[in-house]
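Letter by letter, the chains look like this.
Number of protein chains: 2
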Amino acid sequence: MANDKKLVEAITSMEEDFAQWYTDVVKKAELIDYSSIKGCMIIKPAGYAIWELIQSQLDAEFKKTGVENVYMPLFIPESLLNKEKELVEGFAPEAAWVTYGGSEKLQERLCVRPTSETLFSDFYSNSIQSYRDLPKVYNQWCSVVRWEKETRPFLRSREFLWQEGHTVHATAEEAEARTEQMLNVYADFCESVLAMPVIRGRKTEKEKFAGAEATYTIEALMHDGKALQSGTSHNFGDGFAKAYNIQFTDKDNTLKYAYQTSWGMTTRLIGAIIMVHGDDSGLVMPPKVAPTQIMIIPIQQKKEGVLEKAAELKDRLSNFRVKVDDTDKSPGWKFSEAEMRGIPFRIEIGPKDIEANKCVFVRRDTREKIEVSLDDVESKAAELLETIQADMLEKAKKHVAAHTYSAATYEEFKKTVEEKPGFIKAMWCGEQACEDKIKEDTGATSRCMPFAQEEITTTCVCCGKPAKKMVYWGRAY
Amino acid sequence: MANDKKLVEAITSMEEDFAQWYTDVVKKAELIDYSSIKGCMIIKPAGYAIWELIQSQLDAEFKKTGVENVYMPLFIPESLLNKEKELVEGFAPEAAWVTYGGSEKLQERLCVRPTSETLFSDFYSNSIQSYRDLPKVYNQWCSVVRWEKETRPFLRSREFLWQEGHTVHATAEEAEARTEQMLNVYADFCESVLAMPVIRGRKTEKEKFAGAEATYTIEALMHDGKALQSGTSHNFGDGFAKAYNIQFTDKDNTLKYAYQTSWGMTTRLIGAIIMVHGDDSGLVMPPKVAPTQIMIIPIQQKKEGVLEKAAELKDRLSNFRVKVDDTDKSPGWKFSEAEMRGIPFRIEIGPKDIEANKCVFVRRDTREKIEVSLDDVESKAAELLETIQADMLEKAKKHVAAHTYSAATYEEFKKTVEEKPGFIKAMWCGEQACEDKIKEDTGATSRCMPFAQEEITTTCVCCGKPAKKMVYWGRAY
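Chains as they are written, first to last, in the working numbering: chain A, 8 to 484; chain G, 8 to 484.
Errors might be hidden in some of the hints.
Identical copies carry no separate label here, and so any pair may be met within one copy or between two of them.
Said to hold, decoys possible - Listed below are the simulated DSS-like cross-link pairs for lysine-lysine, each with C-alpha atoms no more than 30 Å apart in a straight line:
#1 Lys-310 to Lys-90
#2 Lys-143 to Lys-444
#3 Lys-70 to Lys-387
#4 Lys-421 to Lys-404
#5 Lys-156 to Lys-90
#6 Lys-112 to Lys-71
#7 Lys-336 to Lys-258
Calculated directly from the structure, the hints in this document are not laboratory data. Quick caveat: nothing in here was measured; it's all calculated off a predicted structure.
This is chain A alone, in the form it adopts within the complex (with noise of 0.2 Å):
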């Protein structure tokens, strides 16, 4: 049936044309609609999900540190956001703008939140007195509105969903502390949910978050060997503190300033999912964050017994995301469209199984069939989820180590970023000059100093002089 390989053969091949590919399988696999206001996605339902899922997850972990969720308003007052300099120049050129609340225009202009850091200042300013006060580990899930002029699904949208942590702490030391515990929540999360592993370190000063002391990061590697910032954690030292005159009085009797932190993670993770994992059937889920974790395929399901055996299956199953597909498709439609959902097994069974008390375990990332006897499937699911999702991760891991070069002199590099799409790790003297040249001759940006540093060679890779410190370098999104 020709049909059946409709939705297979509409999709672009990452080989042919990756963005391509990429807006095919977000499309096809039923993840976003386009609206009618250039630059906002309507996330569907099969998109949805997957945040959902991310969410709760996430959630679960913050609150194991001490985190409380918040919700600050959407409105920031122009002279509010004005207070911190750094911060208004970073996000003022992209700043939405209300400037009328129902036929009256406002005396002063609302910024819809791009990022909420004056917004927790301003409270922390009116609620923080005493050393008793703090910390404040606060965080909030919500929407932010940056008005970028390129946007494209998930990675760069005008609006995206996201949480943003922001506390407050009485020492240095505390602050940097939750900073880096809070991008190492993020790497974990990463790898254990995502199957996705990333690189931990710090972004140079070019890079860092506008107004931030120090940004963390980390950076993972996507199909194309493109880099992308999944999640950064910053330490604002009291520099917030300063420009909204947080105080409070220390055990000492003394009045100080306070030191503040803020982290966040997007939507732009389905994106990370999708361009990790997916390959030219579409996308490829990690089980845990899978909407459907198993589709049960009925074969020939006219004949007598076939439907009641897969349904009773799915109840047996009813501990995992599981459903069974008894639409009147045809089977080969319905494994192509369990493929482009990303759904990490499907289960076929039809008269000829039942009658040898067994199906068939079809796992999406390998195309590995499996027999399994009737008996045994509610074990047997269990342990190839777990399979599958140590099986992701690994495959990740080996695609980062086969993609990540060292260039120890500049031509090296150049050659390197030209034909090798990837992490590039080579030596920096600490001036953004380098940084500068390295962008405009390659296109290729510092993407961080990781926590583990390697001595490549003793001279920057770019000047000559001498190092200071190791960098990944690649494109980015």
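Put chain G on the given structure of chain A with help from the hints.
Then chain G, alone, in the frame of chain A:
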């Protein structure tokens, strides 16, 4: 210790000034704080945790009925909003308008969503072709903005959190069934989770939602005898489908307009919990939405073994949301604080209790003290939480019954509104003129035409013409 009573003394009594009592509770129980944007509130951890418990339990009920979650953009282009006349007239006066993106003036103004019928309709118009695409039963959790002049925390604010369900169906019957189904989900949720009895009924033409064919509502009675509209469910018929061109090819191969519904509940429910259950010591939380269900308060905690025993109890009660207050505040202060926050019961345990192998459960709702053997704490705690949940509903039901009156004549009606705050059941001819007159004369509005109709008299309480419906009337928030 004079200080022990500080929290409580700071609350105005309900009898003295109910509105001030409400504001005091909201602030002292640390549910919200005011922000620098007039009419927008900061929902603090204690308030947001209630919303999280409402959200997770309500969302689970939605999903049982086949609801899928999505996310629509925050903005509505003015031209899209203008397509449905009644809706635009209803919402334009309180719309917040974005006119600038960065430094560029937008070609078209964007409304910050006050509700998302327009966006869902536009989406459905583009994505529905055939009867096979129906029904769609979508919902989103988000914030909405309505530029209100008068605001009160949770009850009426310029931004609030809510869920909005938007469904589309092939037939009018199916849309009507979904509208009523969701109203019943809401009513059952209020009763079983929030311990809040509600009247289920239909709004009059005057009070229905802009653009709806029928609006159903649940109306709750607050402690002061005022009504609070607590959730609504709207049947739009095919009105929006005609305005937004949502057509599908039916099984008979003809093109038809689709039928739509929408339904919502908001953070206003937190206001309802406060005003239905609260007392002069603060909040009284129904166990199912209490962020902390049990507070363990050690007595003479410096004595050997007391804190250890408290920690041990906490571990044994870890199936519940339990905390130990081991701060250095006095027990009296801790009692007041646990009461202010509405924690369903506290456990007092001191050296003498430990010696006698017992502890004391103190109920928040009745203040009853119950001695419990340390051998039985798990089972007794589970039992008591269930008892409190059930008793709170019973108490609230009695309050509604005791404050629901019937009026046969207009004199009686006016006297009742004036002297006995509560619901008034009275007959109505169906004419808006009588609703208008009643409102002008008494301040009472029609709350709903209850599903459970009674015949109080045969004539309209206002004009004396033949009655068509029994209506619940009352002053309302």
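Here is how each hint holds up against the structure:
1. Lys-310 to Lys-90: Classified as neither: same-chain Cα gap 72 Å, cross-chain 50 Å, threshold 30 Å.
2. Lys-143 to Lys-444: So Lys-143 and Lys-444 fail the 30 Å test inside a copy (41 Å) and across (53 Å) alike.
3. Lys-70 to Lys-387: For Lys-70 and Lys-387, the Cα distance is within 30 Å only across copies (28 Å; inside one copy 32 Å).
4. Lys-421 to Lys-404: For Lys-421 and Lys-404, only the intra-copy Cα distance (24 Å) is at most 30 Å; the inter-copy one is 76 Å.
5. Lys-156 to Lys-90: So Lys-156 and Lys-90 pass the 30 Å test inside a copy (26 Å) and across (28 Å) alike.
6. Lys-112 to Lys-71: Classified as neither; 45 Å inside a copy, 45 Å across copies.
7. Lys-336 to Lys-258: The answer is between: 17 Å across copies meets 30 Å, while 71 Å in one copy does not.
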